[in-house]
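The lines below spell out each chain.
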Amino acid sequence: MDALTLSRLQFAATAAFHFIFVPLTLGLSILVAYMESLYVRTNDEQYLKMTKFWGKLFLINFALGVVTGITMEFQFGMNWAEYSKYVGDIFGAPLAIEATVAFFLESTFIGLWIFGWNKVSKKVHALSIWLVAIATNLSALWILLANGWMQKPVGYILRNNRAEMVDFMALVTNPYGWLKFSHTLLSGYVIAAFFVMGISAYHLLKKNKMDFFKRSFKMGATFALFTSILLFIVGDFHAAMVAKSQPTKFAAMESLWETQKAVPYNLLLIPDPANERNAAEAVGIPKLLSFLAFHDGNAEVKGLKEFPKGDRPPVMITFLSFRGMAALGILFMLLSIISYVVSKRDRLESNTTLLRIMLYSIPLPYIAGQLGWLVAEVGRQPWIVYGVLRTSDAVSKAITPSQVWVSLIGFTLFYGLLGIIDIYLLAKYSKKGPDDDLSSIIKTSREV
Amino acid sequence: MEFQIIWFILWGTLWAVYFMLDGFDFGAGILHSFLAKNDAEKRVIINTVGPVWDGNEVWLITAGGATFAAFPTTYALMFSYLYSALLIILFALIFRGVAFEFRGKVDSDGWKKGWDIAIFLGSFVPALLFGVAFGNIFQGLPMDAEGYHGTLFTLLNPYGLLTGILFVLLFVVHGALWLSVKTDGDISKRASRVANKTWYALLIVAVLFLIHTAFATKLYANYLQNMVWLVVPVIAVLALLGIKLFASKGQHLKAFYSSCLTIVMITFTGVIGLYPNLIPSSIDPKYSLTIFNSSSSIYTLKIMTVVALLFVPVVIAYQIWVYRIFRHKLTVDGVIKDKEAY
Numbered sequence: 105m106d107a108l109t110l111s112r113l114q115f116a117a118t119a120a121f122h123f124i125f126v127p128l129t130l131g132l133s134i135l136v137a138y139m140e141s142l143y144v145r146t147n148d149e150q151y152l153k154m155t156k157f158w159g160k161l162f163l164i165n166f167a168l169g170v171v172t173g174i175t176m177e178f179q180f181g182m183n184w185a186e187y188s189k190y191v192g193d194i195f196g197a198p199l200a201i202e203a204t205v206a207f208f209l210e211s212t213f214i215g216l217w218i219f220g221w222n223k224v225s226k227k228v229h230a231l232s233i234w235l236v237a238i239a240t241n242l243s244a245l246w247i248l249l250a251n252g253w254m255q256k257p258v259g260y261i262l263r264n265n266r267a268e269m270v271d272f273m274a275l276v277t278n279p280y281g282w283l284k285f286s287h288t289l290l291s292g293y294v295i296a297a298f299f300v301m302g303i304s305a306y307h308l309l310k311k312n313k314m315d316f317f318k319r320s321f322k323m324g325a326t327f328a329l330f331t332s333i334l335l336f337i338v339g340d341f342h343a344a345m346v347a348k349s350q351p352t353k354f355a356a357m358e359s360l361w362e363t364q365k366a367v368p369y370n371l372l373l374i375p376d377p378a379n380e381r382n383a384a385e386a387v388g389i390p391k392l393l394s395f396l397a398f399h400d401g402n403a404e405v406k407g408l409k410e411f412p413k414g415d416r417p418p419v420m421i422t423f424l425s426f427r428g429m430a431a432l433g434i435l436f437m438l439l440s441i442i443s444y445v446v447s448k449r450d451r452l453e454s455n456t457t458l459l460r461i462m463l464y465s466i467p468l469p470y471i472a473g474q475l476g477w478l479v480a481e482v483g484r485q486p487w488i489v490y491g492v493l494r495t496s497d498a499v500s501k502a503i504t505p506s507q508v509w510v511s512l513i514g515f516t517l518f519y520g521l522l523g524i525i526d527i528y529l530l531a532k533y534s535k536k537g538p539d540d541d542l543s544s545i546i547k548t549s550r551e552v
Numbered sequence: 004m005e006f007q008i009i010w011f012i013l014w015g016t017l018w019a020v021y022f023m024l025d026g027f028d029f030g031a032g033i034l035h036s037f038l039a040k041n042d043a044e045k046r047v048i049i050n051t052v053g054p055v056w057d058g059n060e061v062w063l064i065t066a067g068g069a070t071f072a073a074f075p076t077t078y079a080l081m082f083s084y085l086y087s088a089l090l091i092i093l094f095a096l097i098f099r100g101v102a103f104e105f106r107g108k109v110d111s112d113g114w115k116k117g118w119d120i121a122i123f124l125g126s127f128v129p130a131l132l133f134g135v136a137f138g139n140i141f142q143g144l145p146m147d148a149e150g151y152h153g154t155l156f157t158l159l160n161p162y163g164l165l166t167g168i169l170f171v172l173l174f175v176v177h178g179a180l181w182l183s184v185k186t187d188g189d190i191s192k193r194a195s196r197v198a199n200k201t202w203y204a205l206l207i208v209a210v211l212f213l214i215h216t217a218f219a220t221k222l223y224a225n226y227l228q229n230m231v232w233l234v235v236p237v238i239a240v241l242a243l244l245g246i247k248l249f250a251s252k253g254q255h256l257k258a259f260y261s262s263c264l265t266i267v268m269i270t271f272t273g274v275i276g277l278y279p280n281l282i283p284s285s286i287d288p289k290y291s292l293t294i295f296n297s298s299s300s301i302y303t304l305k306i307m308t309v310v311a312l313l314f315v316p317v318v319i320a321y322q323i324w325v326y327r328i329f330r331h332k333l334t335v336d337g338v339i340k341d342k343e344a345y
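In the order they appear, the protein sequences are chains A and H.
The letter at position 443 of the first sequence is residue 547 when you use our numbering, and the numbering goes up by one with no holes.
The letter at position 342 of the second sequence is residue 345 when you use our numbering, and the numbering goes up by one with no holes.
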């Protein structure tokens, strides 16, 4: 394999691994901050226990999200030097802003939150986790504005053999970036909500600390209800944005070969990329695909054959990932609605089937998130910056295949090991349940 | 002033502050297994850096991000040329970060021992390799129109290694002083002894470094052209002497501030010598990456200047605030009682 293929594999592997930990951080930070605010407001120690228990899991997960993030920043230069040279003038800015505006805030106040229980007042302590939550979400904004620019480049001019920024506000207000941000954020919230519901379900099935886990489950279910519905709505707008600005990706997502008007949506479809057609199409809903693409049932949608073969993304991966993600998205709405209703009526204990389903559903939103990134990144191929720079022109010239082999194997083994350890710790502390002895914290925080 | 120069100064400052802050984390991490007599003492050492190491490391991420945004060509070539060295630094930093977080999460000796090794390697290796990397940057990299003509082992030349050893010793002294300030009783005394003894080695290596620099690099050319800048290395040397002056009197906080100043001034000594290069070419100066031929457009530099002016002072303010909250000395009893500690 050449350095290009290996570098792509490495970027995919390290980004996918990074994105196991980041989305939970996005959502769980908000939930933990909300729990601590409830404690500050009501003085109900149950909320303090919730803050501590979910906060511990948050931290175990957070550590890996942070350290694997450094790899992402370094890799642009290490493996994608030609890319970095070509677009650094505009792409480097959001990355540097992310570090300055978000990472400092996040890392400084996470330290205060972990170690500050008896050093600052209750309010300041709660404020510090809110700042962490804001900072993590803010960092997502900047990195997704950067990714949004790779999807839909704006505010630049090709000059001096590179893309130079001419309109910073265009980058900051890029609608593609904001949709990507909202969609990713909400998917992280759904991951966190399902994580909280799933672990709560585990304890409720064991009849363990019922009040604690019923409250937790209900909080998760409420969060899931809003976020899963919003996620689906934003997803719809996102798909429409793709149809408008990345026609090749949209055609691959839907495996549409011929340009047509009033395109039906086939619930069953088997792509046959080798012969540039679909092997089977069935259960078509009239005009739905045109409607999804342009919010107009009669609109024309461009097919893959409209574009030269060299400009088309891999169809199978893009199509299957998109279908899988969308199906899971619908499932999340259903599960969230049921969970919300059952927990609202206080029927969780008797509903062991639901509890079991929710326990085993923990991985599903993670899978949906990974599939979503496959659609976004594989679907953008062969471009690294859509329509501007090809991935094959972006790889570093100075690196050799053997160097990248070593790093790819190194990352796989090292990350694999860390992933196993992290999941072991998450499972250990999840099963252990909340700590009842909060005396040291309560006593000292009153002294402050 | 030209925006490239503003960003050159900021670039140097980000590295200087990074080395000053993560430097004592590295020092504490290198020393923790040797200085501590039991697990409780190890935990005290880890917990002195616990609340702050993550915020310190972000100075590195920002230095990287600033290089990308302000000097994208340098970022691209530096990171791809130094691929293998950076990879090792990355693994080490990842190892250290998770080690801090995970070490206390399972109550088993084997588990803790494993993470202790991770903390040592995760502190020693980056300290050494950052030094090696900067030594090689000072010297210049073998690069021309065809690209880079070196490997990982090209970097391990005498001057690169000497700079690496200089960095390790600087950070060990710095970390030992940090520990003597942040701990109490016996650990503090042991740390102070380490700082005082290691200082002699540091002095010898620093002198060798200053001499070798004259032969291996062109850093002194700028100083000969404009003697005013000599004030920076002079302060570096005075601060280095100040460390010993204060440490031998038991004034550890002042000694620690002296080592902060030493690290910052040594970094700036190198950075001023580099100007206008970011990475000189050791083959032919016309292939050197300078702040002018590798910078972003003026428009981007202006935007980034506004961002830096708005946010960096805020960052410094809240980091100082958090340092002040954690200014107390840590004791073995306190760490054992504190269930939130690492």
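Source of the hints: derived by calculation from the structure; they are not laboratory data.
C-beta atoms are modelled at their ideal positions from N, C-alpha and C, and glycine is treated no differently.
The reader is advised that the hints may include incorrect statements.
Said to hold, decoys possible - Simulated crosslink set (BS3-like; lysine-lysine; CA at most 27 Å straight-line): (1) A/Lys535 x H/Lys305; (2) A/Lys532 x H/Lys257; (3) A/Lys310 x A/Lys448; (4) H/Lys257 x A/Lys223; (5) A/Lys223 x H/Lys305; (6) A/Lys532 x H/Lys305; (7) H/Lys115 x A/Lys535; (8) H/Lys332 x A/Lys532; (9) A/Lys256 x H/Lys332; (10) H/Lys332 x A/Lys536; (11) A/Lys536 x H/Lys257; (12) H/Lys342 x H/Lys332; (13) A/Lys156 x H/Lys342; (14) H/Lys108 x A/Lys311.
Stated by the list, open to error - Label pairs and their in silico Cβ distance ranges: (15) H/Ala320 x A/Lys532: 20 to 26 Å; (16) A/Ser506 x H/Leu227: 42 to 48 Å; (17) A/Ile442 x H/Val317: 43 to 49 Å.
Structure versus earlier hints, numbers of those that do not hold, lowest first
Checked against the structure, the hints that fail are numbers 1, 2, 5, 6, 8, 9, 10, 11 and 15, while the rest are satisfied.
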